[in-house]
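> Listed here are the chains, written in short residue letters.
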Amino acid sequence: MTKSLEMNLLYKFSKGKKLSITRIDENALNPDLYRDCLEQGFLPGTAVQILANFKSQNKLIAKLSEQSTVAVPYSLAEKIYVQYD
Amino acid sequence: MYNMIENEYKFKYLLVGNPNCGKSTLFNRLTGLRQKTGNFQGVTVEKKTGFASTSEGEREIWDLPGIFSLDGNSEDKKIASKQILSRHQEDRVIYILDSLQLERSLQLLISILDSGAKVQVVLTMKDLLSRRNISIDTAALKKAFGVNFYLINTKSFADIDSIRNNLFNKDNFLQGNQIWKWETKEESILKKIYKSIDKDANKEMKFAIIEAIKESQNDLEDRFSNLFPEPTKSLINEISSKGKFSIQNQLIAKSVAIKKILSAAVKESSINHSTISKADKILLHPVYGMISFFVIMGLIFQFLFSWAEIPMDGIDWIIASIQTLVSNSLPEGPLSALITDGIIGGVGSVLVFIPQISLLFFFIEIMEESGYMARVSFVMDRVMGKFGLSGKSFIPLLSSAACAVPAIMGARTIENKSDRITTILISPLIMCSARYPVYILIIGTIFVSDTALGIFNLQGFMLFLLFLLGLLTSLTFGLIFKKTLFRSSTSYFLMELPSYKLPSLISIIQNVISKIKTFLKNAGQIILYISVILWFLSYYPIQIDSEGNIDSKITQSYAATFGKKIEPIIQPLGFDWKIGISLLTSFAAREVMVSTLAILYGVDEADEENPTLREAMKSDTREDGSKLWTPLTGFCLLVFFAYASQCMSTLAVVKRETNSYFWPFFQFTYMTVLAYVSSLFVYQIGGILGY
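Sequence lines, in order, name chains R and E.
Note that my numbering numbers the first sequence so that position 34 is 34, with each residue one more than the last.
Note that my numbering numbers the second sequence so that position 635 is 1635, with each residue one more than the last.
Keep in mind the hints are simulated off the structure, nothing from the lab.
Just to be clear, a hint being listed does not mean it is correct.
[Stated by the list, open to error] Here are the computed distance ranges between Cβ atoms for each label pair:
(1) R/A28 / E/K1267: 34 to 42 Å
(2) R/K18 / E/I1247: 25 to 33 Å
(3) R/E78 / E/Y1661: 36 to 44 Å
(4) E/T1561 / R/S56: 58 to 66 Å
(5) R/G45 / E/F1464: 52 to 60 Å
(6) E/V1295 / R/Q83: 56 to 64 Å
(7) E/F1464 / R/Q83: 34 to 42 Å
[As the list claims (entries may be wrong)] Listed below are several chain E residues computed to face chain R (Cβ distance under 10 Å; list not exhaustive):
(8) Q1101
(9) L1251
(10) K1259
(11) S1263
(12) M1495
[What the hints assert, rightly or not] Listed below are the simulated EDC-like cross-link pairs for lysine to aspartate or glutamate, each with C-alpha atoms no more than 16 Å apart in a straight line:
(13) R/K15 / E/D1576
(14) E/K1627 / E/D1576
(15) R/K63 / E/D1576
(16) E/K1417 / R/D25
Virtual Cβ for every residue (Gly too), placed ideally from N, Cα, C.
Just chain E, with the same shape it has in the complex (with noise of 0.2 Å):
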């Protein structure tokens, strides 16, 4: 970013570290909600970015995804490698180092300083040090490193505040000292190869040659391409086979310098770090890690429906007034009709979601903040083995009986490309919430019986079984996903189990904050346009009667002529025109079905439960005089809408979270041809049996 006037860069804050390490909470101390979320260009990484006051003025800082190496091959990785690398020789780097993981992170800090940084490190995770009796010689490391290290507890404003000057003033950033050296036989073949450049390339220069020799048997081209010319390039390819210039030796070498530097700075107490922590003893037994699990669930899903109902009828309440007092202050008509009925209604059954949406990313953040989360991940590794997927896209799945859109997002944390789009892929087919309305008033429709199996609840059993369905399906389709379109893909689990954490509240209500800003500003936009787009259609075209007066009826509408065109393909499976346009209206949101289907019978109040609209519905007949709402149409139905991609608001964070838009246009097709093709399977077999 350039100052226009003084014609001076205006250098920003890269912060930098390992996953888990503290980086994020200390962004968020930084920057409070001065933060902004967008994606980096091309590509689905999330790119947080805040500001900070500093003496210099505001700066910016950007919060880059976790590392562990500059060499990764995740697409996260990747990115934050990139930016590093090419970053502005003015910008400063603070390095982020979990002070319980200091050997680790110590290897990624040598590489950044080896690419000729400006860095300054923060160590947190103090409170834990003087737990467990460690102590760290920070001017020790200063002097082996060369760079000025603060040891701090990122959740204490105290401490952040002891350090915020001295963090901010660009003089304290320093290049470093070199920590190691490759080989005598290495180091000659990069000097040949630094002539051949320039007699006086820079460290920048040889960091980049050194990564490229690393990388040349794979992606030379693509990330160093514009670095070198030409014969340079042919040189590093020739000679970088006869060097041993691998990451494991490079990582070996590394690691010796490291311990002998730790062996001064670091003092620890005897303490017995010989047995697995009695937490763990517990959550990640395959018996009492699973039973832990799904109490630990159960009572977020209980808090989260029960938490979220009030908010949820407040902001309902909100919308309907809002657009009583937009009807009142404005003539009757299209404009009146398109502000309440498409714009606020529209976008009033999404904000409807927010309350749910925010509770659940609120308890994700906490399991993700005390570490339980990668345990659940662990526990339930070998269940989601078995269908192709690893343990990691469990929990995504699970958010899924709230709501998909959520769920969607939550699928960031897995880390393998292939096992992250087959999540999103398969989330939307577990039921959700906004698939109850529907599936109440269905059930309580044509299945008049009160129990089931002599002992069950009939609407709760049906409920469960259509759970049921949903999650075997998309284990399923997982499993088909994974040995059709990722083939070559296959998932592991290495995976690191952090220490158990006290989470910090502040942080984890700015975390939820900046992911609903996120969530509005961009799945938004989509669902404002689909909105309006499906009123028109229900809307038009409208009658003027001999007094002047508009008249719209959703049975005169394109919407539903649509209906009526599309009949005969949805006659096989029991359904007609008025269901036909209730699918139709459902996309903007699937519980648009039940007021959609009021409106069609004639009933003033849309309820699930309401008795008026089920007795309408059961009377109901078709051109033949047969009854409409039999056991095997009202069946159906239900599975078509356990499968069907009802869903615009899905669809446009799939767009957005996989950043194509063929993810979501696979997925609508397959959802829909799975619904059809079982509703259609369903009605004929059923039909056959006489049923």
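So here's chain R without its partners, still in its complex pose (with noise of 0.2 Å):
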């Protein structure tokens, strides 16, 4: 996927996608949440890739920089702005 100026937020995007976080709506979140977030490796510019989204679940399942896998609440991911890598 070449590089796009498309942003969007985490949850909308399906199985496969590679993305980069842009931005973080710290304002909306509970600040345990947002803390945590961040301590888990969902910081601007960090490579995320959807594994897999279950929509019934309200979750998907997202690789953060090539490492580590995340289930990922659609009340977070819902507030994490993207675009293509």
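Put the two chains together into one complex; each comes in its own frame, and the hints tell you how they fit.
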């Protein structure tokens, strides 16, 4: 996938998409969740790959920086802005 | 710890790392069984310490809770951070790093190096690295960070032995290089603050200042109140607002520095990581994941009941033999009765569950170490979310079907405090194995038909209904507590899914032994005290006959007197004083109710399948001549037993796990009120309807 300026929210993307985080809406998040999210490695500039998106579960599985695999609730994925890597 | 003779501080080793990095496996390998588990002072966070032989003699090792940063909010994270930041200057940090999560793990290493700690780094998962064709240049990492790096497989004794001497050589621990810096503007602000404190401010002080600035909007007073003089605190507060000392900025700056180092130190052949693993395709699937989970749990419970039976019978036999031995060796009287019935009988009623508890811990450890537990939490999160909890609460609730005690201890894995307390509060409502004997006795006595709805075995059907009653009530109360007691706290499920690993059997066994020792040490004491009190109440007052023989009858005991006193309170539920006494004695252990009823009905063999006891109960009448054990009375007692907090072990463990007397008191009160009101409702409505 070539670079794109398209910006969108993480939860909208389907399995296999390679993205990078552009922004996290800190103000819309519970402070504990925001801190956890940063500690887990969700930082602007970080590469994210969607491994599975379970809409019925309101969750997705993402690989961060080609390393850790994280289960992300939509409540968080709705606040993470991404663009195609 | 100071050596009083040489007046020299005997430094300790702190094992630090992210969760699931292999830290506990290394701790087990380094210390063997020379471990002890307790709590950090004043909090419920588990403190695991052990001893290792080094060239400088025995050294203490602390296995600190896994953390991602030194800024965490949860209790265990705060404690781990505090231990690192307030360590003695001579203490050494062994930093454990998951080789497959280098980037994230190095973030914490940088923070620890910034704090001025003397560090050595152990990289784990060597076996998985080679399987994935990834190579790590430890020399390049050493050059960049300025500390030693060792790459090992923590399950390999040979690997541990190869680094043991270097790892325990105190001179190999170094303070490391500074990997990153704040932007120029922020650095100049920091310089002003350093100057205000002391021109020679050391590394630890500088680190504390940075942390204080980041936390200044939150809990500066709590964490660093002793470190700074008042003028400096004011200065920090004043100028922290001018700089961008945010956690996000710091993490981004460190991430950039780490990526640069890793690009030179890590070589990875091109492997396609773009797909979810085959196992996860099934285990995380909304439908297949759920089916797999129930199949696996079904097998575990089968093993739990069938495998535990033989050792449980063995323990039962040993306890009975000791009771007989003591009873034969001592003259008949209060002392003999106290030792045999009060102490050995009371403690034995708990010891008998150790095989089941150990097996449950064993399977839970396997699920955790293999990485499956995180998948279960993921699959169950949706269901639990409807009741205000996250998927992490499900396993402890399920474990309650065996026994609430290990289930409550298992709730430690829940990081969110309100979810953890809620899970602890509702776990005992799930039908546990100690309720079975009572249920079987009552169901067999009052329900004469063999089948339910024409096809089901009635006994099994009733047990299933009682299981559902417990499960649904516990989830409903979970929702009530989350909507009332913990209104401000919302559950969320952000969880790392660790790579699948083959569990280390030795490490699992060591963990199970450690948990069982802790259980016996803490809960055992309280159980002993309550057993003795209950024995006293059911033994005294004694009568001495004309020949000078001591005669103690439970029907004349204080417990019986109490049972008769409380009869007016329990009469509206359809219960008489005999049921009252049984409810009282079953507080020691639920199944004691069967033996109490056997004594009260004058039946020798206390067994829930005993037809004589059932016949005696069936023919018992009230004062007005009507039958006591009607289906309605029996059903009310089942409801009461399903809800009442009739287990001192559970309350003792709740006290231990919450480090508070409030929560066990609250649990006892709400469950007792629930049991009373529900039984009252059923009995009164049943009476009106003519049952």
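> Which earlier hints turn out false for this structure, listed by number in ascending order?
Of the numbered hints, 6, 7, 11, 13, 15 and 16 do not hold.
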